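Student: What follows is each chain in one-letter form.
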Amino acid sequence: SQTIHQWPATLVQPVGSPLSLECTVEGTSNPNLYWYRQAAGRGLQLLFYSVGIGQISSEVPQNLSASRPQDRQFILSSKKLLLSDSGFYLCALTAPNEKLFFGSGTQLSVL
Amino acid sequence: AQTVTQSQPEMSVQEAETVTLSCTYDTSENNYYLFWYKQPPSRQMILVIRQEAYKQQNATENRFSVNFQKAAKSFSLKISDSQLGDTAMYFCAFTPGGSYIPTFGRGTSLIVHP
Chain D
1 SQTIHQWPAT
11 LVQPVGSPLS
21 LECTVEGTSN
31 PNLYWYRQAA
41 GRGLQLLFYS
51 VGIGQISSEV
61 PQNLSASRPQ
71 DRQFILSSKK
81 LLLSDSGFYL
91 CALTAPNEKL
101 FFGSGTQLSV
111 L
Chain X
1 AQTVTQSQPE
11 MSVQEAETVT
21 LSCTYDTSEN
31 NYYLFWYKQP
41 PSRQMILVIR
51 QEAYKQQNAT
61 ENRFSVNFQK
71 AAKSFSLKIS
81 DSQLGDTAMY
91 FCAFTPGGSY
101 IPTFGRGTSL
111 IVHP
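Residue numbers (the working numbering), protein chains in the order written: chain D, 1 to 111; chain X, 1 to 114.
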């Protein structure tokens, strides 16, 4: 069965600092991978998705970027964090029957 | 573009009773999938139940069942014999067949009272 490793669980960063969140998956090959952001107590906003190595689609223009250097690795980055980047970030993958498996998430606080 | 609407931001229910969470969606697709996800206080998103649009039979998973009304574009979740562990945010989601981009509703916060 699929497993998603996402770290760190909690991150506090100053405004203007860089960001790198990593997500790795096990138990599947060539998954579709996703980065979501969840504002406090609210719904999920799709940020990026990837259908293969090096293939990234952005859903929301912003100062974040994503990369997929390996089949099972998906990275969310920023060169300079903004206060508005605070939130709960979730990595997810699509199983063959189109349901989503989610990682445990990273709570990012930009101060 | 597809939209998913959850009109109940918050719901509450007494333990052992039944509660129904509403979800409506808008699409021109004929083939699609519908999901309910649960996010407990731990914030781990968990799939509760899944429904294929081409199936008329409503999906059931133990105490969780759906009322899928395709013509009305409605997909409600019924939780029977509510338990304290059912306290969570519940998200309705829609994925067109052949697409990998799900659309989520804004969620319903459910509190189960002892």
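Hints listed in this document are in silico derivations from the structure and should not be mistaken for laboratory results. No experiment lies behind these values; they were computed from the predicted model shown. A hint or two may mislead.
What the hints assert, rightly or not - The list that follows gives simulated cross-link-like pairs (lysine-lysine, DSS-like), each with its CA atoms no further than 25 Å apart: (1) K78(X) / K55(X); (2) K99(D) / K73(X); (3) K55(X) / K99(D); (4) K80(D) / K55(X).
Student: Could you run down the list of hints and mark each one as holding or not?
Tutor: Quick rundown of the hints versus the structure:
no.	hint	result
1	K78(X) / K55(X)	18 Å, holds
2	K99(D) / K73(X)	20 Å, holds
3	K55(X) / K99(D)	16 Å, holds
4	K80(D) / K55(X)	48 Å, violated
Hint compliance for this structure: hint 4 is the single one not met.
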